[in-house]
Amino acid sequence: MLKWLEKNLPKIVMAPAVGLIGWFVYGFILWTLYISFTNSKILPKYELWGFGQYSKLWASRKWLISVDNLLIFTALFLIFCIVIGILLAIFLDQKIRAEGLLRTIYLYPMALSFIVTGTAWKWILNPTLGIQKLVVDWGFENFTFDWLVNREMAIYTIVIAGVWQSAGFVMALFLAGLRSVEDEIIKAAKIDGASLFTVYWKILLPMMRPVFFTSFVILVHISIKSYDLIVALTQGGPGISTTMPALYMTQTAFHKSQVGLSAASAMMMFMAVAAVIIPYLYSELRRENAR
Amino acid sequence: MQDSLQSTYKQLEQKSKYTNIFLRWFLYFILILFASYFIFPLYVMIVTSLKTMEEIRQGTLLTWPSALNFDSWAVAWGGRGYGAGDTFLKPYFWNSIKMVVPAVFFSTFIGAMAGYVLTKWRFKGDKWVFLFLLFGCFIPYQAILLPMARTLGVLGISNSVIGLVLVHTVYGIPFTTLFFRNFYVSIPTELVKAARIDGAGFFKIFFKILLPISAPIIVVTVIWQFTQIWNDFLFGSTFSFGEAAPIQVALNNMVLSSTSVKEYNVDMASAIIAGIPTLIVYVLAGKYFIRGLTSGAVKG
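Chains as they are written, first to last, in my numbering: chain L, 1 to 291; chain V, 292 to 591.
Chain L on its own, in the form it takes in the complex (with noise of 0.2 Å):
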């Protein structure tokens, strides 16, 4: 017995770890997978009604919405994060002064919370006295900034302070890459007559190649799940202009209380970052293999 004990230890102290995770990850969403094939209310219920949900949640006005939303913020989260991000990181590599100041300043935002980024942007962004009036009272007198509150404009705001939150991010992915580059390389390029900017766009970026794809798993993956940010800055409006998947599948749930479409709308959002998430996966343990 207390051999057996002995030699399975390490199993039964990994045991608490895989339990957890297998209850509550893989049997929470094999749950919610189930959930979404029935007609769930407030309660759920375990009688199995087919894709129903799934047609009533492409047929929802709001969650077309939801998507359409999802896909402009993410398109322009993107970009902006990553061309900000990569300035930034090759900007700082120029043997900068005060460069640890200046990374600690683009980086911070990343330590807030996105009710705080929320918050603090709301004000900014108040169209009576945010930055129209700041703009206003500098001398041009018909400036209005509103699209806080213009449903044409609202989910851009969201992309300013998205971007503000998390390109900071990106500059440190990419100058971590960049750092590792060794110096031969570079020299050799500029002893070869090449100019600052052909040693970055055609030797270095290239190289960069990994670190672009993370950024781009990453920044997609925060731009699904997000949630917080338009709850404190929108919370979806005006009207429903800026709702996003995320906060569709919470209040279908909690406000609404239509469980089974809630379920149905959350196994979207899954199966949209497994297909991000999963080729990535497999690339860095096929790298970690090479190894």
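FYI, nobody ran anything at the bench for these hints, they're computed from the structure. Small disclaimer: the values here were computed from a predicted structure and weren't measured. There could be a bad hint or two in this list.
As the list claims (entries may be wrong) - With a Cα cut of at most 30 Å, we get these calculated DSSO-like pairs of lysine-lysine:
id, chain 1, residue 1, chain 2, residue 2
1, L, Lys3, V, Lys415
2, L, Lys3, V, Lys484
3, L, Lys187, L, Lys225
4, V, Lys418, L, Lys7
5, V, Lys301, L, Lys95
6, V, Lys484, L, Lys7
7, L, Lys11, V, Lys308
8, V, Lys495, L, Lys3
9, L, Lys190, V, Lys484
10, V, Lys495, L, Lys7
11, L, Lys95, V, Lys308
12, L, Lys7, V, Lys499
13, L, Lys3, V, Lys418
14, L, Lys202, V, Lys301
15, L, Lys133, V, Lys553
16, V, Lys308, L, Lys187
17, L, Lys3, V, Lys499
18, L, Lys202, V, Lys308
19, V, Lys553, L, Lys256
20, L, Lys202, L, Lys187
21, L, Lys11, V, Lys418
22, L, Lys187, V, Lys301
23, V, Lys389, L, Lys95
24, V, Lys389, L, Lys225
25, L, Lys7, V, Lys415
26, L, Lys11, V, Lys415
With the hints as your guide, set chain V onto chain L.
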């Protein structure tokens, strides 16, 4: 050969000296421009929190307050003292502390153990077990929200700090395991093998050999978990309301509560109070914070 290379290099450097001076200025200009974009909201938050509402209406976002006025901070922290309907952050701040400390401890401990086994007591299929756990880092939590709400209800710990401790411990395990596993993988297994030959057991090896050299990864993990859990809103707002709510939920409720007059100075003071613990950690231990960010995301 070496000499001629050196001189070509020198020549090139000389030639581009003037372009370089111009480029340097441009470089600093852009860097400072972006620095102001990142600093701007923090500056606005601080000055707004120090102004009176009168000053806020008259000035702009950037105007400096006429006097350092900490009234809104006092209101944000301790309320106005008129009882019902008076929401302030103090009790929720303590809720968050009561939630963060045990959740960080348990998830770090479980992750350390898992990382130890996965690297130093390898067994058949351990790679798959790691992948099994790792997947938990990436799931959108919406996919587990409904069953979690039910489970907490069944266990009788919905709307309580204990419930949130459980939730954060569980969903922290994939990250903590990842951190420790990647750290222990780089430590030579020979150390452990030698100790095993000397008759040291499973726990002795962990506490006597690995734990003493684990300080850096413990710091990274604790900072990561602290920041994640302190900043969480989704779990907090879904599984708690009223008195058990953590600070982010309380902050959001305070800002959204529709009183007749919107007090932006109190809002900003509240936001700073909710953000200050993680900001302090970031300023004091930024290096470890960044290491957590990059390895939590990239995996080392």
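Report task. Verify the proposed pairing of L:Lys11 with V:Lys418, using a straight-line Cα cut of 30 Å. Result -> Status holds; Cα separation ~14 Å.
Query raised in the report: Regarding the pair L:Lys187 and V:Lys301, is the alpha-carbon distance no greater than 30 Å?
Result: 12 Å, holds
Query raised in the report: Regarding the pair V:Lys389 and L:Lys95, is the alpha-carbon distance no greater than 30 Å?
Result: 44 Å, violated
Query raised in the report: Hey, L:Lys95 versus V:Lys308, does the alpha-carbon distance stay inside 30 Å?
Result: 15 Å, holds
Query raised in the report: Given the hint that V:Lys308 pairs with L:Lys187, does the C-alpha gap stay at or below 30 Å?
Result: 17 Å, holds
Query raised in the report: Given the proposed pairing of L:Lys3 with V:Lys415, does the C-alpha separation stay at or below 30 Å?
Result: 20 Å, holds
Query - Satisfaction of hint between V:Lys308 and L:Lys202, Cα-Cα up to 30 Å - result: Satisfied, since the Cα-Cα distance of roughly 23 Å is no more than 30 Å.
Requested in this report: Would you check the hint for V:Lys389 and L:Lys225, treating anything up to 30 Å between C-alpha atoms as holding?
Outcome: 26 Å, holds
Query raised in the report: Given the hint that L:Lys187 pairs with L:Lys225, does the C-alpha gap stay at or below 30 Å?
Result: 43 Å, violated
Query raised in the report: Can the restraint linking L:Lys133 and V:Lys553 be considered satisfied, given a maximum Cα separation of 30 Å?
Result: Cα-Cα ~17 Å, so holds.
Query raised in the report: Is the hinted pair V:Lys484 and L:Lys7 satisfied, with a Cα-Cα distance of at most 30 Å?
Result: Cα-Cα ~15 Å, so holds.
Query raised in the report: Going straight from one Cα to the other, do L:Lys202 and L:Lys187 come out at no more than 30 Å?
Result: This hinted pair holds, its Cα atoms lying about 14 Å apart.
Checked against the numbered hints given earlier, the structure breaks hints 3, 7, 9 and 23 and satisfies all the rest.
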